[in-house]
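Fit chain B to the known structure of chain A by using the hints.
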Amino acid sequence: MSLQLQLVDIKKSYRKFTALNSVSLEMQGGKITVLLGVNGAGKTTLMRIMAGLENADSGQLLFNNQNIDCKSLRQVTTLVFQKSAMFSTNIYENLAYGLKIRKVPKEDIKKKIADALQAVRLSGFEKRRAKKTSGGEQQRIALARAFLLESNVLLLDEPTANLDPNSASIIEKAIVSRKSSDRIIVIATHNLTQARRIADEIVHIHDGKIVEAADVINFFENPKSEISRKFVNGELEF
Amino acid sequence: MADIIVQSFQQAINLLTSGNPEIYATVYRTIYVAGVGSLLACVWSIPIAVLLGLYNFKGKWVVKGFFNALIGIPTVALGLLMYLLLSRQGEFGSLHLLYTLNGIALGDALLVSPLIISFTANALGTADTQLRDLARTLGASGLRTNLKLIRETMWSMILSITAAFNRGFGELGIATLVGASLLGNGTIFSGTRVLTTAIALETNFGRFDVAMAYGIILMAIVIALALTLSLIERLREEDGLHVKLTFWRGLGGS
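Protein sequences appear in the order of chains A and B. Sequential numbering from 1 applies to the first sequence in this note's numbering. Sequential numbering from 239 applies to the second sequence in this note's numbering.
Simulated from the structure, these hints should not be mistaken for lab results. Cβ coordinates follow ideal geometry from the N, Cα and C atoms, glycine included. Do not rely on the hints blindly, as some may be mistaken.
Computed cross-link-like contacts, DSS-like style, restricted to lysine-lysine with a CA-CA straight-line distance of at most 30 Å [unchecked claim]:
no., chain 1, residue 1, chain 2, residue 2
1, A, K112, B, K386
2, B, K298, A, K16
3, A, K111, B, K386
4, B, K298, A, K71
5, A, K103, B, K296
6, B, K386, A, K16
7, B, K302, A, K11
8, A, K71, B, K296
Using C-beta positions, here's what the derived DEER-type ranges look like [unchecked claim]:
no., chain 1, residue 1, chain 2, residue 2, range
9, B, F295, A, S72, 25 to 31 Å
10, A, Q118, B, R389, 26 to 32 Å
11, B, K298, A, N39, 28 to 34 Å
12, A, N39, B, P312, 47 to 53 Å
13, A, V176, B, G310, 54 to 60 Å
14, B, I311, A, N64, 39 to 45 Å
15, B, A458, A, Q118, 33 to 39 Å
Just chain A, with the same shape it has in the complex (with noise of 0.2 Å):
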């Protein structure tokens, strides 16, 4: 039975602002969804909630019909922010700092990092300063560190906001190959042509609600809700 994220009747708001008003939605493992929805609709907020790096107000988490709390949430999902960070360190140590708290064992951090530093095409880069590398590369690194955790729910925040064909491209490749049914895959973007070439199932959010969910022809081919149907066209005024 593959993995499943469930979240129910989640809300969230900052001070007078609703970030996030009912949100009910879930995400199976084997399956790319994509969070959908222009600058500002909530996307970020419900990757955070999801990633258990804040809490919501209300509403429920279940993960394999289990509630889950914040806590237990980082402990099987891995966020992949839109802005990379880096530590001040080698690539080395950026990519193995998850996998030492783990206490995985020397030799096998040895050999994950360079598996996962080839699956992004950065074989070699071990020792360059992550914060001297580019926007492209740090993207690539802040992959390959997630990658290297096999968590179980995957989150991908805007994953190739302002890079070049090439680096989305092979961000793009990388993410497809780690699909499988023990791993959830959530990734938001605004970016239309990308959710319509990597996405199994589209999550349309708007002003904090979900207006669509529907799997990824559907939603470009026959848009249920006039706002999807309007934003798939391009006629979306935000």
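Same frame as chain A, now just chain B:
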């Protein structure tokens, strides 16, 4: 005026090359009080800074504002307070720290504490908030996340301690009042004389060239320290270990 400056440079070189033990003793005493003062301040300032930088509590902004305000405390005012506390009738008179180098070092420690606390707390507080989230999403516990953030801001801490050292190195008020090296003809308490009090003393005696020479020595040490730190920072930023090793080998290291 230009003559005095030229003479001062010559005098500074003469003083340094003369082998006069009092010159070296004065430089040593200055480094001692500023160094011991800064290190002593670290003992309480770093934990306070970590608390202020990494944890949230009610009234935190008031505490931060208080320490920010204390950065500018006049050294003479603090020197007077120290004098009253350390004098024989003072609360800490039994420690016999008045007119001693350790007394000046303690005063320096109090002087530079707000600086270390504010700079370090600020560095920790403004450390990329994403780094905190990153450590947490990679599985770090709260304590481990904080340790990582401290490590990430280590260089800022070193810079704040250096700034503290420089502040202690160039202060006059505490050295004058607690060290009392300006009293008498300058020989009674010469054991507590540091570069700044030596400058003041020589100026009082009208020996401007000697005073300027002391000033040049003081400035040279401060600049040398700043340049050394800049070099280390550059090596650190450039390419870490590789450049460091090359540099070391260039100096004949192995």
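Now the hints, each set against the structure:
no., hint, in the structure
1, K112/A with K386/B, "23 Å, holds"
2, K298/B with K16/A, "24 Å, holds"
3, K111/A with K386/B, "24 Å, holds"
4, K298/B with K71/A, "26 Å, holds"
5, K103/A with K296/B, "37 Å, violated"
6, K386/B with K16/A, "34 Å, violated"
7, K302/B with K11/A, "34 Å, violated"
8, K71/A with K296/B, "25 Å, holds"
9, F295/B with S72/A: 25 to 31 Å, "27 Å, holds"
10, Q118/A with R389/B: 26 to 32 Å, "29 Å, holds"
11, K298/B with N39/A: 28 to 34 Å, "32 Å, holds"
12, N39/A with P312/B: 47 to 53 Å, "51 Å, holds"
13, V176/A with G310/B: 54 to 60 Å, "59 Å, holds"
14, I311/B with N64/A: 39 to 45 Å, "60 Å, violated"
15, A458/B with Q118/A: 33 to 39 Å, "53 Å, violated"
Violated hints, in rising order: 5, 6, 7, 14 and 15; the structure is consistent with all others.
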